[in-house]
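Visitor: When we follow the working numbering, the leftmost residue of the sequence shown carries the number -6, and every step to the right adds one.
I should point out that these hints are in silico values taken from the structure, not numbers from a laboratory. Accuracy of the hints is not assured; some may be wrong.
[Claimed, not checked] What follows is a set of in silico ranges between Cβ atoms, one per label pair, in the way DEER data are often shown: (1) R17 / G57: 26 to 32 Å; (2) Q14 / H36: 17 to 23 Å; (3) E54 / D28: 16 to 22 Å; (4) Q53 / G5: 24 to 30 Å; (5) M(-6) / D28: 17 to 23 Å; (6) D(-5) / I25: 15 to 21 Å; (7) K3 / G47: 17 to 23 Å; (8) R17 / E54: 16 to 22 Å; (9) D45 / N1: 24 to 30 Å; (10) M(-6) / T22: 14 to 20 Å; (11) D(-5) / Q16: 15 to 21 Å; (12) E54 / Q14: 14 to 20 Å; (13) T22 / N1: 15 to 21 Å; (14) G47 / Q16: 15 to 21 Å.
Ideal placement from N, C-alpha and C gives every residue a C-beta, glycine not left out.
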Amino acid sequence: MDGTERKNIKPGLRVKIVQKQHQRTGQLTEGIVKDILTNSQVHHRGIKVRLDNGIVGRVQEILG
(Lines of atoms letter the chains of each structure in order from A and count residues from 1; the text may use other names and numbers.)
(Lines give C-alpha, C1' and ligand atoms only; values in the text may rest on other atoms or scores of the structure.)
Protein backbone atom coordinates (compact mmCIF):
# COMPACT_ATOMS: atom_id res chain seq x y z
CA MET A 1 0.00 0.00 0.00
CA ASP A 2 1.02 3.56 -0.66
CA GLY A 3 1.81 5.97 2.21
CA THR A 4 1.13 8.98 -0.01
CA GLU A 5 -2.65 8.35 -0.16
CA ARG A 6 -4.85 9.17 2.84
CA LYS A 7 -7.35 6.41 2.00
CA ASN A 8 -4.69 3.75 2.75
CA ILE A 9 -4.03 4.97 6.31
CA LYS A 10 -6.31 4.30 9.27
CA PRO A 11 -5.86 4.68 13.04
CA GLY A 12 -4.51 1.44 14.52
CA LEU A 13 -2.39 0.61 11.47
CA ARG A 14 1.31 -0.24 11.98
CA VAL A 15 3.51 2.05 9.84
CA LYS A 16 7.04 3.36 9.43
CA ILE A 17 7.39 7.15 9.39
CA VAL A 18 10.17 9.65 8.83
CA GLN A 19 10.29 12.49 11.36
CA LYS A 20 11.01 16.05 10.17
CA GLN A 21 14.50 16.07 11.70
CA HIS A 22 15.33 12.72 10.01
CA GLN A 23 14.21 13.60 6.47
CA ARG A 24 17.79 14.05 5.27
CA THR A 25 19.04 10.77 6.75
CA GLY A 26 15.86 8.81 5.99
CA GLN A 27 15.83 7.22 9.47
CA LEU A 28 12.47 5.51 9.97
CA THR A 29 10.42 5.13 13.16
CA GLU A 30 7.90 2.31 13.53
CA GLY A 31 4.63 2.70 15.39
CA ILE A 32 0.84 2.59 15.45
CA VAL A 33 -1.18 5.43 13.85
CA LYS A 34 -3.22 7.41 16.40
CA ASP A 35 -4.25 10.48 14.32
CA ILE A 36 -4.05 11.46 10.65
CA LEU A 37 -2.83 15.07 10.42
CA THR A 38 -2.82 15.66 6.65
CA ASN A 39 -6.18 16.95 5.37
CA SER A 40 -5.54 16.44 1.65
CA GLN A 41 -6.20 13.04 0.02
CA VAL A 42 -2.68 12.77 -1.45
CA HIS A 43 0.71 14.14 -0.39
CA HIS A 44 3.81 13.39 -2.49
CA ARG A 45 6.15 13.03 0.55
CA GLY A 46 3.73 10.93 2.63
CA ILE A 47 0.64 11.51 4.76
CA LYS A 48 1.50 13.16 8.09
CA VAL A 49 0.39 11.16 11.14
CA ARG A 50 0.76 11.12 14.92
CA LEU A 51 1.74 7.76 16.37
CA ASP A 52 0.31 6.39 19.63
CA ASN A 53 3.55 7.45 21.39
CA GLY A 54 3.11 11.08 20.24
CA ILE A 55 5.78 11.11 17.50
CA VAL A 56 4.75 12.99 14.33
CA GLY A 57 6.04 12.20 10.85
CA ARG A 58 5.20 11.26 7.28
CA VAL A 59 4.27 7.67 6.37
CA GLN A 60 6.96 5.92 4.30
CA GLU A 61 5.80 2.30 4.67
CA ILE A 62 2.56 0.64 5.69
CA LEU A 63 3.18 -2.61 7.57
CA GLY A 64 -0.41 -3.55 8.36
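Visitor: Next step is simple, just say for each hint if it's right about the structure.
Guide: Against the structure, the hints come out as follows:
1. R17 / G57: 26 to 32 Å: holds (28 Å)
2. Q14 / H36: 17 to 23 Å: Between Q14 and H36, where Cβ atoms are some 18 Å apart, the hint holds.
3. E54 / D28: 16 to 22 Å: Cβ of E54 to Cβ of D28: about 18 Å, so the range 16 to 22 Å holds.
4. Q53 / G5: 24 to 30 Å: The hint (24 to 30 Å, Cβ to Cβ) is violated, given that Q53 and G5 are roughly 18 Å apart.
5. M(-6) / D28: 17 to 23 Å: holds (19 Å)
6. D(-5) / I25: 15 to 21 Å: holds (19 Å)
7. K3 / G47: 17 to 23 Å: holds (19 Å)
8. R17 / E54: 16 to 22 Å: The hinted range 16 to 22 Å holds for R17 and E54, with Cβ atoms some 18 Å apart.
9. D45 / N1: 24 to 30 Å: The hint (24 to 30 Å, Cβ to Cβ) is violated, given that D45 and N1 are roughly 18 Å apart.
10. M(-6) / T22: 14 to 20 Å: Holds, since M(-6) and T22 (Cβ atoms, about 18 Å apart) stay within the stated range.
11. D(-5) / Q16: 15 to 21 Å: holds (18 Å)
12. E54 / Q14: 14 to 20 Å: Distance hint for E54, Q14 holds at roughly 19 Å.
13. T22 / N1: 15 to 21 Å: holds (18 Å)
14. G47 / Q16: 15 to 21 Å: Holds: the Cβ-Cβ distance is about 19 Å, inside 15 to 21 Å.
Hints 4, 9 from the list above are not met by this structure, while the remaining hints are.
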